[in-house]
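Participant: Spelled out, the chains give:
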Amino acid sequence: MVARIDSTSDRVPVLRRTWVQISIYGAVCLAIFLVPVVLDNDFLLNKYARYLVLGILAMALSLSWGYCGILNLGQALSFGLGSYCMAMALKLRTVPVHTGEGGLPDFMVWNNVQELPWFWAPFYSMPFALFAGIAVPVLLAVLLGWFVFRARITGVYVAIISLAALVVVNLLIIDQQRYTGGFNGITDLAQLEILGMEFDAYSSASYYLVATVLTVCLFAALAITKSKTGLIMQAIRDHEDRVRYFGYDVAHFKIFAFAASAAIAGIAGMLYTIVMEFASPTFLGVPLSLSVVIWCAVGGRQSLLGAMLGAILVTGMQGALSESETFLDTWMLVMGGVFVAVVLFLPKGLAGLVETIVEHLFGQGRAARAATGKPAAGKDVSGTGKKAEEAA
Amino acid sequence: MEFVLQQFFTGLSIASILLLVALGLSIIYGAMGVINLAHGEFVMLGAYTAWALQKFVGLNLLPSLVVIFFVVAILGWIMERGVIRFLYERPLDTILATWGLGVIMQQAVRLAVGGELRYVEMPSVLSHSTSFLGVELSVYRIFIFAVVTALFALTWYLMQRTSIGMKLRAVIQNRDMAACFGINADRIYGLTFAYGAGLAGLAGALVSPLKSVSPEMGTTYVVDAFMVVVLGGVESLLGTVASAVLLGELTGAIAYVQNDTVAKSLALLAIVVLIRFRPQGLFVSKVRA
Numbered sequence: 001m002v003a004r005i006d007s008t009s010d011r012v013p014v015l016r017r018t019w020v021q022i023s024i025y026g027a028v029c030l031a032i033f034l035v036p037v038v039l040d041n042d043f044l045l046n047k048y049a050r051y052l053v054l055g056i057l058a059m060a061l062s063l064s065w066g067y068c069g070i071l072n073l074g075q076a077l078s079f080g081l082g083s084y085c086m087a088m089a090l091k092l093r094t095v096p097v098h099t100g101e102g103g104l105p106d107f108m109v110w111n112n113v114q115e116l117p118w119f120w121a122p123f124y125s126m127p128f129a130l131f132a133g134i135a136v137p138v139l140l141a142v143l144l145g146w147f148v149f150r151a152r153i154t155g156v157y158v159a160i161i162s163l164a165a166l167v168v169v170n171l172l173i174i175d176q177q178r179y180t181g182g183f184n185g186i187t188d189l190a191q192l193e194i195l196g197m198e199f200d201a202y203s204s205a206s207y208y209l210v211a212t213v214l215t216v217c218l219f220a221a222l223a224i225t226k227s228k229t230g231l232i233m234q235a236i237r238d239h240e241d242r243v244r245y246f247g248y249d250v251a252h253f254k255i256f257a258f259a260a261s262a263a264i265a266g267i268a269g270m271l272y273t274i275v276m277e278f279a280s281p282t283f284l285g286v287p288l289s290l291s292v293v294i295w296c297a298v299g300g301r302q303s304l305l306g307a308m309l310g311a312i313l314v315t316g317m318q319g320a321l322s323e324s325e326t327f328l329d330t331w332m333l334v335m336g337g338v339f340v341a342v343v344l345f346l347p348k349g350l351a352g353l354v355e356t357i358v359e360h361l362f363g364q365g366r367a368a369r370a371a372t373g374k375p376a377a378g379k380d381v382s383g384t385g386k387k388a389e390e391a392a
Numbered sequence: 393m394e395f396v397l398q399q400f401f402t403g404l405s406i407a408s409i410l411l412l413v414a415l416g417l418s419i420i421y422g423a424m425g426v427i428n429l430a431h432g433e434f435v436m437l438g439a440y441t442a443w444a445l446q447k448f449v450g451l452n453l454l455p456s457l458v459v460i461f462f463v464v465a466i467l468g469w470i471m472e473r474g475v476i477r478f479l480y481e482r483p484l485d486t487i488l489a490t491w492g493l494g495v496i497m498q499q500a501v502r503l504a505v506g507g508e509l510r511y512v513e514m515p516s517v518l519s520h521s522t523s524f525l526g527v528e529l530s531v532y533r534i535f536i537f538a539v540v541t542a543l544f545a546l547t548w549y550l551m552q553r554t555s556i557g558m559k560l561r562a563v564i565q566n567r568d569m570a571a572c573f574g575i576n577a578d579r580i581y582g583l584t585f586a587y588g589a590g591l592a593g594l595a596g597a598l599v600s601p602l603k604s605v606s607p608e609m610g611t612t613y614v615v616d617a618f619m620v621v622v623l624g625g626v627e628s629l630l631g632t633v634a635s636a637v638l639l640g641e642l643t644g645a646i647a648y649v650q651n652d653t654v655a656k657s658l659a660l661l662a663i664v665v666l667i668r669f670r671p672q673g674l675f676v677s678k679v680r681a
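Here the protein sequences line up with chains A and B, keeping their order.
For the first sequence, this note's numbering begins at 1 and goes up steadily by one.
For the second sequence, this note's numbering begins at 393 and goes up steadily by one.
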């Protein structure tokens with residue numbers, strides 16, 4: 001269970017112990033599920049669902065960056081591709097204004113496209129779209145990862161390559177207006193319908209959908225980090241060469257982390273289209289991609305939950321202040337300052353801070369491990385739960 | 393023939409602006425290993441200083457260049473002393489910290505003077521065009537080309553022929569050993585960063601008459617400049633020049649055949665492939681370390 005290879009201490013910190021982690025994660029997810037019970041406002045629920053989706057995105061980055069040391073500046077690429085897959089499927093379920101039932105989507109008519117392009121056709125099937133929303137980002141991530149990690153490219157170069165890949169796809173989507181809607185993206189979508197359930201963006205149904213997916217993704221990611229693969233990923237983060245000397249195929253694990261992160265980001269992208277009711281090139285823009293890195297760093301890149309809450313907290317505050325433009329500008333200024341301070345003084349983000357405090361309070365004078373673990377967990381569950389409430 | 397020349401000069405003009413922005417970045421990255429994502433904001437600040445000097449002081453662009461260099465250099469120096477020097481052990485984190493600093497600068501400018509586009513007037517002596525080998529050329533673009541050449545020569549001279557450049561090269565090779573010989577590495581780093589920032593400021597001031605000035609103008613430059621530096625190879629000034637010319641001519645040529653978007657995507661893809669096979673860059677100066 002000692003996650004860090006460099007760690008000289010044989011004690012496992014309170015918050016790193018599996019069952020404590022599971023209960024904290026469970027409590028946060030429960031708190032998220034309880035929000036619609038106390039809040040009966042569809043507009044606000046839609047807004048919160050949006051923050052939760054961005055939380056999933058940040059969590060995905062934490063998996064590759066915090067746990068495997070791959071700083072992916074192009075995380076929005078997977079997110080945007082997932083979002084476009086969902087948007088294409090939902091677009092085909094609308095009745096086109098110009099051509100009637102089964103005709104071409106409106107923007108293609110405006111661009112003089114005569115027939116539906118071949119890559120749009122399979123999106124008539126919803127299961128295919130759901131599959132593609134995950135498979136396309138994963139496939140791209142595996143290709144890029146294979147290309148990059150096989151050559152033992154590390155650090156800064158990975159960051160630059162991932163950023164360049166994002167810019168290329170973004171430029172192409174904007175350029176191919178005939179097939180992608182260009183700058184405007186894909187708008188006027190139908191509502192998602194699965195198994196007879198309808199998911200209106202402004203309803204608790206969509207909120208619950210997002211919350212459920214978030215819970216599943218969070219625990220799936222947690223399971224990955226606790227598995228042997230996850231431990232090797234963390235070892236690679238701490239000292240890549242040593243892992244290689246042990247005979248592990250480092251590239252293999254890095255590609256896995258990169259692809260797993262892309263899968264979760266793709267899922268988040270699909271949810272984002274459902275919640276926002278459109279897809280736009282800004283979903284795979286450089287600003288969003290860099291923001292994800294900020295959220296992750298502020299919340300704590302080495303904690304899945306921390307990264308997620310970081311995203312919810314930052315975007316939540318941004319949303320609250322965005323009513324006035326001056327406020328938003330000032331907020332961005334403050335945010336830049338906070339970010340610099342976090343990088344300088346809290347390399348592990350807010351999650352790291354909480355961990356240090358909990359360790360300080362409960363980690364000392366511990367004779368029997370089991371006895372001290374309980375109060376520590378109880379304390380933190382309420383603490384983190386409160387933070388989630390505030391963020392929401 | 394004229395057409396080829398025209399195309400060549402267009403590429404050269406793109407290249408000189410690329411090099412202008414990339415030169416400062418190359419020095420900071422090459423010498424200190426710091427990925428300075430705030431570099432674009434230094435460019436933006438240079439452009440805004442030019443605008444402010446023209447509007448409030450009535451200073452022409454040419455004399456204000458000196459002021460701009462020092463203003464932005466001092467800002468860079470403060471940034472290095474205040475933030476960057478704590479991060480030399482964590483190079484990946486410099487990406488994050490400098491990006492945060494960039495956001496601060498961008499927002500500060502937006503709050504101070506507003507987000508609308510600003511325009512800087514071209515010096516009237518340079519605002520006409522001339523004919524060279526049968527091709528019409530803007531004098532201002534020739535001027536930029538000349539300034540870039542001069543700045544490059546100056547930088548090379550500073551690095552290779554002055555005592556401060558020698559100290560910098562010593563610090564790059566082995567910081568601790570250099571410190572043992574009595575070189576104040578902190579001071580050298582501070583000065584290097586300030587010089588790189590000052591160059592970025594000059595770049596911003598020089599491009600300001602060609603493009604409109606806005607708080608987010610830096611972002612477009614920083615990505616391009618990065619590609620130039622990475623392609624050229626760290627620690628290699630000549631490599632930076634070669635890759636700027638290569639990229640400039642390449643984008644110019646592809647943009648003519650296809651369009652700007654395709655040109656840019658292809659250039660980016662080419663760089664990705666290049667990094668994959670030559671992470672050390674195209675041109676590497678052999679250093680005994």
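Hints were generated in silico from the structure; no laboratory data involved.
Note that CB positions come from ideal geometry on N, CA and C, so glycine has one too.
Certain hints may be false.
[What the hints assert, rightly or not] Some chain A residues close to chain B (C-beta under 7 Å, calculated; not the full set): (1) A31; (2) A164; (3) V167; (4) V168; (5) D175; (6) Y179; (7) L328; (8) D329; (9) V343; (10) L346.
[Unchecked claim] Anything over 12 Å on all C-beta distances counts as not near chain A; from chain B, calculated: (11) V458; (12) G474; (13) L479; (14) P483; (15) Q498; (16) G507; (17) H520; (18) G526; (19) N566; (20) L583; (21) E608; (22) T611.
Participant: Next step is simple, just say for each hint if it's right about the structure.
Facilitator: Here is what the structure says about each hint:
no.	hint	in the structure
1	A31	violated, 29 Å
2	A164	holds, 5 Å
3	V167	holds, 6 Å
4	V168	holds, 5 Å
5	D175	holds, 4 Å
6	Y179	violated, 14 Å
7	L328	violated, 9 Å
8	D329	holds, 5 Å
9	V343	holds, 4 Å
10	L346	violated, 11 Å
11	V458	holds, 30 Å
12	G474	violated, 9 Å
13	L479	violated, 7 Å
14	P483	violated, 7 Å
15	Q498	violated, 8 Å
16	G507	violated, 8 Å
17	H520	holds, 35 Å
18	G526	holds, 34 Å
19	N566	holds, 21 Å
20	L583	holds, 22 Å
21	E608	violated, 9 Å
22	T611	violated, 7 Å
Of the numbered hints given earlier, the model fails hints 1, 6, 7, 10, 12, 13, 14, 15, 16, 21 and 22; all others are met.
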